[in-house]
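Each chain, letter by letter, is given below.
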Amino acid sequence: MDLGLQGKKAIVVGGARGIGYAVAEILAREGCDVALSARGEDSVKDAVASLSRYGTKVVGKPVNVKRADEYKAWMEWAIEALDGVDVLIPLSSASGGIGSEKYWHNAFETDVLGPVRAIEAAIPKMTEQQRGSIVLVATTSALEAMGGPQAYNAMKASLITYGKQLALAHGKDGIRVNVVSPGPIEFEGGNWDMIKGTMEKFYNSQLRQQPSGRLGRPEEVARAIVFLASEAASWCNGSHLVVDGGFTNRTHF
Amino acid sequence: MWDTARMDVKRVVDVIRVDPAACTDGTPVEKAPDPDLGTDVIPAERYYSQEFMKLEWERVWSKVWLLGGRADDIPNPGDYICTDIGKESVLIVRQHDGSIRCFPNVCLHRGNRLRPEGIGNAEQFRCMYHHWTYGLDGKIERLPDLCTFQQGGPPGMTLPSLPCVEWNSFVWYSLNPQVEPFDDYIAPLKEHLEPYHPERMAWSRDVTVEWDCNWKASVDAFNETYHVQGIHPQLLWYLDDVNVQIDCYEKHNRYLIPFATVSPRVAMPSQIPPAIDEIMRNAGMDPAEYEGRVGDIRRDVQLFKRKHGAAQGKDYSALNDDQLTDDYHYMIFPNVALNVHADDIMMFRQRPHATDPNKMLYDVWVFELVPQGEEWPERVKQRRFKHGDRSIGQVLDQDAYNLPTVQLGMKSDSFPGLWIGEQELRIRHFHKVLDDYIYGPGGKGPDDI
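Chains A and B are the protein sequences, given in the same order.
First residue of the first sequence? That's 2 in the working numbering, and the numbers climb one at a time after it.
First residue of the second sequence? That's 2 in the working numbering, and the numbers climb one at a time after it.
Bear in mind the hints are in silico, worked out from the structure with no lab data behind them.
Given the structure is predicted, the values throughout are model-derived calculations rather than measurements.
One thing to keep in mind: the hints can contain errors.
Said to hold, decoys possible - Among chain A residues calculated to face chain B with C-beta under 7 Å, some are:
1. Gly85
2. Glu189
3. Gly198
As the list claims (entries may be wrong) - Looking from chain B toward chain A, a few residues come up when the C-beta cut is under 8 Å (computed):
4. Gln230
5. Gly231
6. Ile232
7. Gln235
8. Met269
9. Met286
10. Asp287
11. Ala289
12. Glu290
13. Lys315
14. Ala319
What the hints assert, rightly or not - With a straight-line Cα cutoff of 30 Å, these simulated DSBU-like cross-link-like pairs (lysine-lysine) come out:
15. A:Lys46 x B:Lys412
16. B:Lys88 x A:Lys67
17. B:Lys315 x B:Lys32
18. A:Lys73 x A:Lys58
19. B:Lys387 x A:Lys202
20. B:Lys308 x B:Lys191
21. B:Lys308 x A:Lys103
22. B:Lys11 x A:Lys202
23. B:Lys55 x B:Lys32
24. B:Lys315 x A:Lys103
25. B:Lys140 x B:Lys88
26. A:Lys62 x B:Lys11
27. B:Lys55 x B:Lys315
28. B:Lys32 x A:Lys197
29. B:Lys382 x B:Lys412
Beta carbons: idealized from backbone N, C-alpha and C, even for Gly.
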């Protein structure tokens, strides 16, 4: 199956590690030019260097999505560097935390405004092109209880709602918007890697909840994200795909 | 120092450390030259041999200075600490003039113990058996029916006095009347440990656990950081077990471990690890507000504590920046391990069993800084139990977990002894000091265990 990504221009916000990096890697491998961001300069540099081996144009620059002006400028830079934007995948996340109101601000600014600002910066160009595909990344923690009541879960849930609304609003301009909700994903340096080391019992309880007895790998989610982002998913719009290896208990009617 | 790049690590980390030249007062930080202690096997037999246990008693336990207890447990005249060591037991007693004295805890009449282990207050020590009664100074004040003892009372009508001193909030004693001056014995650790001001810290834990291993197996367990990657995987997101400075002094030794940081053995997370999150909260920081990278937290906690400590009633003025986060871990020969920190001290006293080389007593003493202006907490109760009956916390449970199987393995014909690496230099140093006590300086022969 041809994904139709050859020669497409993709922006991945938060593309230096984990799911974001796996997304950027598949996009590059499929022939996309890629612009990626991360907070740290070193991690951006490493990711760009590594992804350049696929022979497409890969550029990157650090940005803190919480700084609106800086972030807006970054998006303008990325669109200009790629000379357009066909695919936008904003995955920035502040991750979880309980016990301080500040976590709500962090989650709002990073998990919600991170994608919102990227989308607002990309929509004019996509509208002009009459072509574009956006994938938002929520979480199964928005669907089922996980880790106690916290901002991360609630803020991520808002992306599912927002994604559908975007799909309805921009479909007429050839822009599709879909949402992927991954379950627990483990990779070196990721939260579940740390949880495995620091909270072994909890980690094992999560393993038991996985029908296949393991957690997911970044590329297993990334492939679903890239599919939805691609031309191959041309009739997917406003959909919400749970990619969790069967982790969640609920039936996704 | 080992080559950290060639170890089983993911990253090479250049740890920010205080400049030794800038630390002219306070705890010395310069690296002591590593002693050349060779690479010999440390014989396993010394961990279970009755003969070696006897030598240890004759040449170590009955000769050296020993940690007795905490000075603030005995503030008033008549307050005493009764503590056992091997087959002996001593009373350390606050005198009317404020000084302390130490006596064997034994009635000179028929040998009965005068008091059970623990702390208390007494106007005099009266033996339960025939009511021989001793003053706080050890003198026999009452000997019922003295006239019926043709030979009179025991010599001098007094319990023998044993050497004891108070230092840095702790009391020390020796079973050896000819013991060297305490200051000579403890050198050079006075200047190392006094800046922590343990007198500002209050008891928060006082537990004794009977462990099924030789006391030295426990000493060894706390004398290296190599085991962190083995039995404490969770601590890899809490401390740097690779960039550790080891310093061996004459009898004692230490290592300095960066805390509030992530071990080079695991990938650097983007999320603040839970235990480091707690360090930040304890310092008064809000981890949710933190904008820096995880690798910057250690230094930022230091700077935060330096800036806000005084306002929190915590006087860190005698400590260097590293001490505000790191674990300075001391081993006072033969049996005291101290994790000293700016806000607490967690120490272990490791005592031999009275008769069985395969058992020991493990005392966990924890003291926490009481901020100025806050009420001094009530002293925690002493608890005592056997290994496995109760948890002593995740990390110490992990430490304790395999010591009984270590002790069993020591006796295997296939196990000549400990195969020690550079990260375990303190173990080698401890055994060298022990050797010198047992066999005389440099006197250990090739066939000695």
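* Does Gly198 (chain A) meet its interface restraint, that is, does its C-beta lie within less than 7 Å of any C-beta in chain B? -> Status holds, d = 5 Å.
So if I understand the rule, the pair passes when the alpha-carbon distance is 30 Å or less; does Lys308 (chain B) with Lys191 (chain B) pass?
27 Å, holds
| query | For the pair supplied as a hint, Lys11 (chain B) and Lys202 (chain A), is the alpha-carbon distance within the 30 Å limit? | reply | 25 Å, holds
Could you check if Ile232 (chain B) really has its C-beta closer than 8 Å to a C-beta on chain A?
Where the cut-off is 8 Å and the nearest Cβ of chain A is about 12 Å from Ile232 (chain B), the hint is violated.
**Message:** Checking hints one by one. Is Met286 (chain B) an interface residue toward chain A, by the C-beta closer than 8 Å rule?
**Reply:** Violated - the Cβ of Met286 (chain B) stays beyond 8 Å from chain A, reaching only about 10 Å at its closest.
- Item | Straight-line alpha-carbon gap Lys88 (chain B) to Lys67 (chain A), limit 30 Å | 67 Å, violated
*Satisfaction of hint between Lys88 (chain B) and Lys140 (chain B), Cα-Cα up to 30 Å*: Satisfied, since the Cα-Cα distance of roughly 23 Å is no more than 30 Å.
**Prompt:** Does the structure keep Lys46 (chain A) and Lys412 (chain B) at a Cα separation of 30 Å or less?
**Reply:** 55 Å, violated
Does Gly85 (chain A) pass the interface hint, meaning its C-beta sits closer than 7 Å to a C-beta of chain B?
For Gly85 (chain A), the interface hint is violated, since the closest Cβ of chain B sits about 30 Å away, which is over 7 Å.
Practice problem: Please verify that hint: Ala289 (chain B), Cβ, nearest Cβ of chain A, below 8 Å or not. | Solution: 4 Å, holds
* With 8 Å as the cut and Cβ atoms as the points, is Ala319 (chain B) at the interface with chain A? -> Where the cut-off is 8 Å and the nearest Cβ of chain A is about 32 Å from Ala319 (chain B), the hint is violated.
Satisfaction of the Met269 (chain B) interface hint, Cβ to chain A closer than 8 Å: Since chain A brings a Cβ to about 6 Å from Met269 (chain B), closer than 8 Å, the hint holds.
In the structure shown, a violation is registered for the earlier hints numbered 1, 4, 5, 6, 9, 13, 14, 15, 16, 23, 27, 28 and 29, in ascending order.
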